[in-house]
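**Q** Read off the chains here:
Protein chains: 2
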Amino acid sequence: MSQHQSTVTIQEPKSQPRGKVGAMKVAMGSGGGGVKRGLAIFDFILRLAALAAALGATIAMGTSEETLQFFTQNFQFRARYDDLPAFSFFVGANAVVSAYLVLSLPFSIVSIVRPQAAAIRLLLIILDTVAIALISAGAGAAAAIVYLAHQGNSKINWVAICQQFGNFCQRVSGSVVGSFIAAFILIVLVIISALSLRKN
Amino acid sequence: MSQHQSTVTIQEPKSQPRGKVGAMKVAMGSGGGGVKRGLAIFDFILRLAALAAALGATIAMGTSEETLQFFTQNFQFRARYDDLPAFSFFVGANAVVSAYLVLSLPFSIVSIVRPQAAAIRLLLIILDTVAIALISAGAGAAAAIVYLAHQGNSKINWVAICQQFGNFCQRVSGSVVGSFIAAFILIVLVIISALSLRKN
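Respectively, the protein sequence lines represent chains H and A. Quick note: the first sequence uses this note's numbering, first residue 2, plus one each step. Quick note: the second sequence uses this note's numbering, first residue 2, plus one each step.
Only chain H is shown next, with the shape it has when bound in the complex (with noise of 0.2 Å):
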């Protein structure tokens, strides 16, 4: 019997245990889990909003035109966004961004199926930090061109353009905020991605 109990007990904690620890790491999964299916939801969602500022931001921006009409036709004015750099810029930045955000979206697809997987959380944090530098800075040369363009700069003797184009200004303004709001979301997201890998 002595010889009996004791095939037992080296059999046991090879066998049991193991179900109970899977059983735990199961309960654990399906609690962090729950919380880390909410935020790749949540991380969806926002991803769409952050694409459709900074396609809004993209289009607003890279269809603006404003011709005068009161000018001679030899010779006319017209502000069109490529005839500033910046402008330029910023619509490659957002367009980029934009781009970036479309690819994204299957993988914070699958971070909702599969909540647990770091790896794709770690490549989005990353990709995400970098999408906030580029539209940032795009954002930021936009918007000093777009504040030369209405106020001037007396000192070194720049015009303002926004008495003349008016239409295109306010435009090119809506364009730059909604970019703002999209790198804004991309904090949001970042910080979510940083939550998520936290409770790993």
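Misleading hints may appear alongside valid ones.
No copy is singled out in the list; a pair is fine if it fits within one copy or between any two copies.
Claimed, not checked - Calculated lysine to aspartate or glutamate pairs in the DMTMM-like style (CA-CA distance at most 20 Å, straight line):
no.	residue 1	residue 2
1	Lys156	Asp84
2	Lys156	Asp83
3	Lys156	Glu66
FYI, nobody ran anything at the bench for these hints, they're computed from the structure.
Please build the complex by placing chain A on the supplied structure of chain H, with the hints as guidance.
**A** Only chain A this time, still in chain H's reference frame:
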């Protein structure tokens, strides 16, 4: 006998596996702690580099001033950073980020001493991301104006001023480069923090 056997099977899993799991945790903890400590030390060094870049950019831009000598006494040409709001914003943004980097150094030291403290890493990742957005926007704004100062814009009739204010432009350009370097180092810092959080 069957009764006795069942008692054994209940007792055993309670004591032995816990010991095993505990030992595994300690082993994993010390292994991950080594990597984390390495990352934390790297974080501290990079933080000093980012501080140097941001503070250098702040000082270079903040002290930039050039007065042209060949004008009459009543009408003297002088270029200073605060003639342009974009440059003022640049100085403000870089000063704020520099101050934040100084204040973040103690936290970085704490995470060298206690590599497992996830809350500090989470705090640093969030504030670093905000700092990236701020310094990128400032650098983008200043870069847009610096480009304009170098090239001018013939369509809008904004003249280039760098022919006259060569030293001013050179200093301001260097300052913008420093600011972009600081932004780049901050991105690396976020990646390091994300890697540290992941290995929890």
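**Q** Are the hints correct? Go through all of them and say.
**A** Now the hints, each set against the structure:
1. Lys156 with Asp84: between (23 Å within a copy, 7 Å between copies)
2. Lys156 with Asp83: between (26 Å within a copy, 11 Å between copies)
3. Lys156 with Glu66: between (28 Å within a copy, 14 Å between copies)
In terms of the numbered hints stated before, the structure departs from none.
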